[in-house]
Every structure is written in C-alpha cells, then in structure tokens.
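> Each chain, letter by letter, is given below.
There are 2 protein chains.
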Amino acid sequence: MKEVGIGIIGVGNIGSYLFKEINSIKSEINKNLGFKIKIIGVAVKNPKKKRAIKINKNLFYKNPIELVKNNKVNILFELIGMSDGISKKVVEIALINKKHVITANKALISKHGEYLSKLAEKNNVNLEFEASVGGGIPVLRTIKDGLATNKISKVVGILNGTSNYILTEMEKTRKSFKEVLLKSQKLGLAEANPKFDLDGSDVLSKVKILSSLAFKKQISLKKCLKEGIENIDLKDIEMARNLNLRIKLLGITEIINNSLFERVHTSLVPDDNYIANIDGAMNAVILKGVPVGESVLQGEGAGPGPTSSALMSDLLSILRGNIKYPFGIPNNKRYKIKTYNEDLYENSLYLRLEVNDKPGVLSDLTKILAKYKISIQRLIQIPDKKNKKATIVIITHKCLEKNSISCINNLNKNKNVLKNPVLIRLFA
Amino acid sequence: MKEVGIGIIGVGNIGSYLFKEINSIKSEINKNLGFKIKIIGVAVKNPKKKRAIKINKNLFYKNPIELVKNNKVNILFELIGMSDGISKKVVEIALINKKHVITANKALISKHGEYLSKLAEKNNVNLEFEASVGGGIPVLRTIKDGLATNKISKVVGILNGTSNYILTEMEKTRKSFKEVLLKSQKLGLAEANPKFDLDGSDVLSKVKILSSLAFKKQISLKKCLKEGIENIDLKDIEMARNLNLRIKLLGITEIINNSLFERVHTSLVPDDNYIANIDGAMNAVILKGVPVGESVLQGEGAGPGPTSSALMSDLLSILRGNIKYPFGIPNNKRYKIKTYNEDLYENSLYLRLEVNDKPGVLSDLTKILAKYKISIQRLIQIPDKKNKKATIVIITHKCLEKNSISCINNLNKNKNVLKNPVLIRLFA
Numbered sequence: 008m009k010e011v012g013i014g015i016i017g018v019g020n021i022g023s024y025l026f027k028e029i030n031s032i033k034s035e036i037n038k039n040l041g042f043k044i045k046i047i048g049v050a051v052k053n054p055k056k057k058r059a060i061k062i063n064k065n066l067f068y069k070n071p072i073e074l075v076k077n078n079k080v081n082i083l084f085e086l087i088g089m090s091d092g093i094s095k096k097v098v099e100i101a102l103i104n105k106k107h108v109i110t111a112n113k114a115l116i117s118k119h120g121e122y123l124s125k126l127a128e129k130n131n132v133n134l135e136f137e138a139s140v141g142g143g144i145p146v147l148r149t150i151k152d153g154l155a156t157n158k159i160s161k162v163v164g165i166l167n168g169t170s171n172y173i174l175t176e177m178e179k180t181r182k183s184f185k186e187v188l189l190k191s192q193k194l195g196l197a198e199a200n201p202k203f204d205l206d207g208s209d210v211l212s213k214v215k216i217l218s219s220l221a222f223k224k225q226i227s228l229k230k231c232l233k234e235g236i237e238n239i240d241l242k243d244i245e246m247a248r249n250l251n252l253r254i255k256l257l258g259i260t261e262i263i264n265n266s267l268f269e270r271v272h273t274s275l276v277p278d279d280n281y282i283a284n285i286d287g288a289m290n291a292v293i294l295k296g297v298p299v300g301e302s303v304l305q306g307e308g309a310g311p312g313p314t315s316s317a318l319m320s321d322l323l324s325i326l327r328g329n330i331k332y333p334f335g336i337p338n339n340k341r342y343k344i345k346t347y348n349e350d351l352y353e354n355s356l357y358l359r360l361e362v363n364d365k366p367g368v369l370s371d372l373t374k375i376l377a378k379y380k381i382s383i384q385r386l387i388q389i390p391d392k393k394n395k396k397a398t399i400v401i402i403t404h405k406c407l408e409k410n411s412i413s414c415i416n417n418l419n420k421n422k423n424v425l426k427n428p429v430l431i432r433l434f435a
Numbered sequence: 008m009k010e011v012g013i014g015i016i017g018v019g020n021i022g023s024y025l026f027k028e029i030n031s032i033k034s035e036i037n038k039n040l041g042f043k044i045k046i047i048g049v050a051v052k053n054p055k056k057k058r059a060i061k062i063n064k065n066l067f068y069k070n071p072i073e074l075v076k077n078n079k080v081n082i083l084f085e086l087i088g089m090s091d092g093i094s095k096k097v098v099e100i101a102l103i104n105k106k107h108v109i110t111a112n113k114a115l116i117s118k119h120g121e122y123l124s125k126l127a128e129k130n131n132v133n134l135e136f137e138a139s140v141g142g143g144i145p146v147l148r149t150i151k152d153g154l155a156t157n158k159i160s161k162v163v164g165i166l167n168g169t170s171n172y173i174l175t176e177m178e179k180t181r182k183s184f185k186e187v188l189l190k191s192q193k194l195g196l197a198e199a200n201p202k203f204d205l206d207g208s209d210v211l212s213k214v215k216i217l218s219s220l221a222f223k224k225q226i227s228l229k230k231c232l233k234e235g236i237e238n239i240d241l242k243d244i245e246m247a248r249n250l251n252l253r254i255k256l257l258g259i260t261e262i263i264n265n266s267l268f269e270r271v272h273t274s275l276v277p278d279d280n281y282i283a284n285i286d287g288a289m290n291a292v293i294l295k296g297v298p299v300g301e302s303v304l305q306g307e308g309a310g311p312g313p314t315s316s317a318l319m320s321d322l323l324s325i326l327r328g329n330i331k332y333p334f335g336i337p338n339n340k341r342y343k344i345k346t347y348n349e350d351l352y353e354n355s356l357y358l359r360l361e362v363n364d365k366p367g368v369l370s371d372l373t374k375i376l377a378k379y380k381i382s383i384q385r386l387i388q389i390p391d392k393k394n395k396k397a398t399i400v401i402i403t404h405k406c407l408e409k410n411s412i413s414c415i416n417n418l419n420k421n422k423n424v425l426k427n428p429v430l431i432r433l434f435a
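Those sequence lines, one after another, are chains U and W.
Taking this note's numbering, the leading residue of the first sequence gets 8, the next gets one more, and so forth.
Taking this note's numbering, the leading residue of the second sequence gets 8, the next gets one more, and so forth.
Warning: the hint list may mix true and false statements.
Identical copies go unnamed one by one, so any copy, or any two together, can satisfy a pair.
Below, computed lysine-lysine pairings styled on BS3-like, alpha-carbon distance capped at 25 Å [unchecked claim]: (1) K422 / K331; (2) K9 / K129; (3) K179 / K345; (4) K223 / K405; (5) K45 / K374; (6) K33 / K340; (7) K331 / K33; (8) K129 / K409.
If you're looking for bench data, these hints aren't it; they were derived computationally from the structure.
Note that this is a predicted model, so its numbers are computed, not measured.
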C-alpha cells in the first residue's frame, strides 16, 4: 500500500465538495488500486469562515507554501483560481518540488500553461486541468485519449454556464438582463463580480486550452475577437425567436488555411440546431475530426459536483500512472501556429439600431452600410411613435469582419443613432 | 526508439481502413512518443480478395495463429468479430503470449470478457475494446477515466446505427420496413444478414459491456428483455408522429434496488427529448452519475472511420502505458450483482392491434386488458371499412411487465385479432 498525501489550496464551494468527495470514496480507491490516500492539509485564508463541511482544525494551514512544501504532500489541488499571484506560485513550487498538480484554474492554464507544462515535464510529474473546461464533461481527456489520433479541425462550445443560464432565463421569463443577472447571483449561478463570465473572458480562456489540445499546438497569447452578452437586450432575444433563431454565447476555434482562428461572441443559431437547445447552466462541446466525424459532448458545466467529478478523474489518472504530458504530447513537439487574420472573416450579421424616427434616417443608415459593402438581406423596422423613435433590425449578407467593425463605428457616430448598435453574428 | 510490431487479424472494411490509418499517422506517433511502429503482418482468409487498399503480399498470413505467435508482434488487432471460434482463439493465444489485444468485437467481449480480462491481467498486458461500443464515441474510456469516481446509476443509449437509420428513414420517406432495409443494404448500412442488428442482439452485447464498466461489476450472462425493430410498421411510426412521439431502439441499463436491470427494446420517446432527435446512423449515450449529473455523448456509431478512431485510441493508450485493467479496476474487485426481476418492471405501453371490425370485438379486447389490470389511457380506432377490419391503438397507464406479456399472449389467441399485436414501451 503506497501512501498518497493530498494538499488542497482553497476551500470554497468547490474545495469543500472535493474534500468531502475524497473522504467518501478514498476507501474504494484504496481497495481497487492499492493506495492509502490521506488529506494532509488544506490552506485557507480564513480558517474561521463558515463552511458546508466540518474540517478538523489540525488540517488548516494559513500559509499555503508551507502545505505545498510539506514532505507528505504528493498531490496538490490548486482551487484559488487566479491567473497569477498565489495560484501561480503554489503550482510552480509544487511542480519544482516534484508534486503532481491538479487545478480547475483556466485563467492560470490559458496564461501560463506553456511555462507550467514544461516545468511539469522537466520534473516528471503531472499537471492536470480537466476541471478547467466544461465542468464535469471530460472533454480534455476525450481529446487527449479518446480521440488521440484524430485530426481535429474545429471545436465549438457553449462553455460558460452563467451566460447560457442568463440567455435561457431571459427568453423563458421575458425579464431584462439586469433582473435575470440579479436572480442568477441570488441562486449562486453568477458570482458577485460576474465580469469575466459575461464579457467572454472565461470562455476565451477555455477556448485557448481547447485549441492547444485539439490542434496539438502551443497556447496562443494573441489578442482575438472576444465579445460577451452584456449588450444583449430582451428585444434581441424576442426578435431572434421570431426569426426561429436563438442567441448563444459560443467559443469557437478552428484552423483556416493553416492559421488559428479563435473567437468568442454571441451567435444566432437556427433553433433546430443541436447547440441552440443547450439550455440553462449546461455546457456542450462539438468536435469535428477525421476520421471520427462530428462528436458532441454535453453535461453540467459548473458547480461543485461536476467540477469535483473532473478533479477526481485527474486524481485517478495520476494514481493509475497515466500519461504525464499535460497537453497530451511532449512540449517540444507542440508547434507554434500563426494567427488567422480576423479582418478576413466573412459572416452574416444581425444589427439592431435604436434611431430617431424621422425622414431620411433610414436612407442615411443604408448609405453607411453600402459604403462598407454590407448588403441587406432583411430589414425590420419597429416604430415607437409616441417617442418618435424606432428600432431597426438588419440581417446582412456575408460581409468582411473588418468592414462590419468600421461600419458599426461609423453608425455609432450618426446623430440619429441613439444607442450603441447591437451586433450578433449568424452561426455558420 | 522502441520497436512496436502490429498484427491485424481480419482485413475487411474496418481492417483496411485501420491499415491505411496506421501507416498514415505512425510517423507522427513515432515522433511524439518515441516509438518505431511497424505492421508485421495481416491475416486474411482470402489474400486474393479485392480490397480498397494495396497490401504488400509479403504481409499476408493465411494462418492467423502463426501471425499471433510471431515474436515481432507486440500488439494484435482482432477484427473478425465472432463471439467464439477463431476470434476467441487468437485473442486467447495473444494474451497468453503476453501480447496486447485491441478488438472491436462486442460479441466476444460481452460473452467471454470475464475470462479474457482475467487472462490479460494475469499476463500483465492490455485488452482494449473501445471500438466495441458506440463507434467513434469514446464512451468506455469516458466511463473508465473521465467519470472514474462517479457513482453511475443509469445508462441509456442509441447503440445500433443500422436500426436507427432504418427507423429514421421509414419516418422520412414513408416507405416500408422491407424497402428501407433493402436500401440500407445497398448503401452498406446494413449487412447482408442483418439479424443481429435488427433483433436487438447487437445492442444487448453493448449494453452488457456498458453495464460492467459503469457499475464496476461482472458481466451478466443472464437472459434479459431483448426486442428489436423487425415488427415496427410504418403505421406505428406515423401513429407515433401524430402523438408527438418517435420510435427509437434503446439499450438501457440501470441499478434498481441493488439489482441490475438490462434491457433492449423499442421505446416511444417524446419528440422534444434529446434522444428522440438522434437520427440516421448516429449513436448517443446518456449517463447519469453522482456527482457529475447527466452527461451525453453523441457521434457516428459505425463505419470504418469512427471505428478506426476508437481502435487507434486503444493503440495510443497502450503505447502511453496507460491502465492495464480491461474493466478499469482489477477483476477481483468487480462484484457480482443480482438480476432485477423484470416481471416487476412497470411501464406504459403502446399496443397496436389489427382486428376484425364487428360488434363486440372492442369489448372483448378491453375485457382482456382489464383481466391483466391494464388500464387504458387513450384508445384510437382506425376503421378499414372496405375490408371490414380496423386498427386499434391503445396507450395504457403503467402496468406490470409480467401482466403485459401475458396479456399480449392472450390477445394473440383471440380469433378477431388478425396479426401479432405490436408492443412498444413508452420511454420513462
């Protein structure tokens, strides 16, 4: 029986659940795999904070570094979640001290994954981060193992439960973004500061991790198209409904002409499409590969249960002595890829403009569109006679990203355009 | 660079594709993992048969045993597909001679998986069979690794592409079972002898493999509820449509009161349910587990490409030195489970009866139902006045499996019932 000591840094919702989960199934793991698992300690900022579980106070470490360096700790769970600072530090120290690391931290991995994975390989320990993408869906392991030899060309995902919940709830209850956000926060589905969930940052981190695994390439740190759901209004959701479309925040990564095109933005998806019907806090990932064809993985994308499931799968993988390369293949075999010039991206657009309803306005706006070679497929005008205003919704034919951004900027300057135009890309 | 010799037994559609696939990506695997992969030989019945690929005739072995025993062969692919006979023999000999085995053979694994996995463990080699269930969907690996520590309570799947294609095609084209079957055979989607695909046997083999992995228990060889799609008529498909339901052949396995309940039968699924919309030759598996919640995996269920993807994932797993237990945990830790008494299974039924249209018939039939405590939720009678016949469709409230089987037998004896009644269970 080999003793395995575990340290946990950060005991919030996830950490508490994991602590309970490890204790509840360690005897089964011990029996099946011949180990003696023990939680050596947990590092927390405030040991006196009320927690859902009881933790023996002898286990508390105020100084996380002390816990990491404890000789009895073989495997470290990092559950603080910062992209830098103490999160990066404890992972670094653990790897250098030849301890396996398991983390749910997408911010850390998407930013420092290259450096940390080299460190892990050099020290011949695992760095596992299944829980960083897709909650309980074992999507990283599926790419690394289950679809290992496939040539994957595209990955599309609903990767943020909070924003997907808000969009679904707005449609269902016909309540405003603000009202639904407040409700989500009360239910614990959105954080007190939900910025990164709503502005696409969280999804982008996940996309960067997915890309590097799916395409066997280094993590790109280049800036790329990133938009969130903060500007989506109930009007847009209802308009989409009338057009048999649904608004989804998608993370998309693909290889176009040997270049990497990563992006996060809201998309209008036909309502008979699979991905249009992933509701609430669910996540889904669609992978296109050869020879496997199209594969879909769907499951609960967040919360302590699904996250623990992913963290525990990493633990099992380490205990079984499975592959040690954090990104599936050795770091020196992972190539650098050039970035696709997103100006060249062609797409149909949904534009919503709030304007003054007076003669000549529509003509001015369509002139601006024409200037940027954006041709109109459909135009819907909804008057608000009382206020002498109107809502104009335009669905365009395919146009260049570069042009659509310039066009929006130009529209924004027009004195009869009363608010920032809303732009949603049509799913293709 | 470690040399790895590969032998392939059986070079039909799958074997040919795999042969090509190994040769096309071996240099990448060699580069990434430091191996020197080589196909040592292929065993075929008829070396002169026309194949989609060219194989150097020096590679052909007429005697598969000779290939298996070749000292240079380290990993054997068994792609013949019989539950016994030469398939079993080559796998046995390979394992005894300490060679890893990869197979797509669900018939073999579901029947002899216990014996063969013990043999593999004893000889410290891998026995891998990802391709035996769900085609390209890495569902076995997901259960063994990605969801390793979850307590899975139920697995539901569309696991046979041929029958799902036929049901979808019947609905789409409004053609008869026979016509669609013929078309499927022409397209290569159904075999010349499609018996095991259509009568539920193929699905049952897969269910038995899924059960043993999901519930960490031994494979059950007990007889269980197994029905196929041979009796489904276009009438049923259209009737289902009118009721906003769709007919699917499902493989279901679950634990009820610590007993194992495995079954294969057609089910009427509400058309807004995810599983109702898995069309054509696609496969899908839904897993319910704690703490992960509900997970869905979907992908192409058959064909050389997806099957090769699964076979290659097994090859990679072996090359990486991943876990050796064929069923995820050591054989001596996999428990024996009692079988659920399926007589006690309660379900709503769809019954279609073809009857003589004359006074008293309906009253006779409903009396028989009442005798077996089957109460009617809905009854639809469609007269065929010209022939003095009628079709009666009955949706029942929940009733005991034991009673419904006796009831069907009794109805069958009634002289006014003209054909075997059709029974489809409602999805619950």
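> With identical chains treated as interchangeable, where does the CA-CA distance between K331 and K33 reach 25 Å or less: within a copy, between copies, both, or neither?
So K331 and K33 pass the 25 Å test inside a copy (22 Å) and across (21 Å) alike.
> Please sort K33 with K340 into within, between, both or neither, judging by C-alpha distance up to 25 Å.
between (36 Å within a copy, 15 Å between copies)
> Treating 25 Å as the Cα threshold, decide for K179 and K345: within, between, both or neither.
Neither: 42 Å inside a copy, 45 Å across copies.
> State whether the alpha carbon distance between K45 and K374 is at most 25 Å within one copy, between copies, both, or neither.
Classified as neither; 70 Å inside a copy, 65 Å across copies.
> Indicate which option fits the pair K422, K331 if close means a Cα-Cα distance not exceeding 25 Å: within, between, both or neither.
neither (59 Å within a copy, 70 Å between copies)
> Within a copy, between copies, both or neither: which one fits K9 and K129 at a CA-CA cutoff of 25 Å?
both (24 Å within a copy, 21 Å between copies)
> When no copy is specified for K223 and K405, does a C-alpha distance of 25 Å or less occur within a copy, between copies, both, or neither?
Neither: 31 Å inside a copy, 52 Å across copies.
> Which holds for K129 with K409 at a C-alpha limit of 25 Å: within a copy, between copies, both or neither?
Neither. Shortest intra-copy (43 Å) and inter-copy (63 Å) distances fail the 25 Å Cα cut-off.
Checked against the numbered hints given earlier, the structure breaks hints 1, 3, 4, 5 and 8 and satisfies all the rest.
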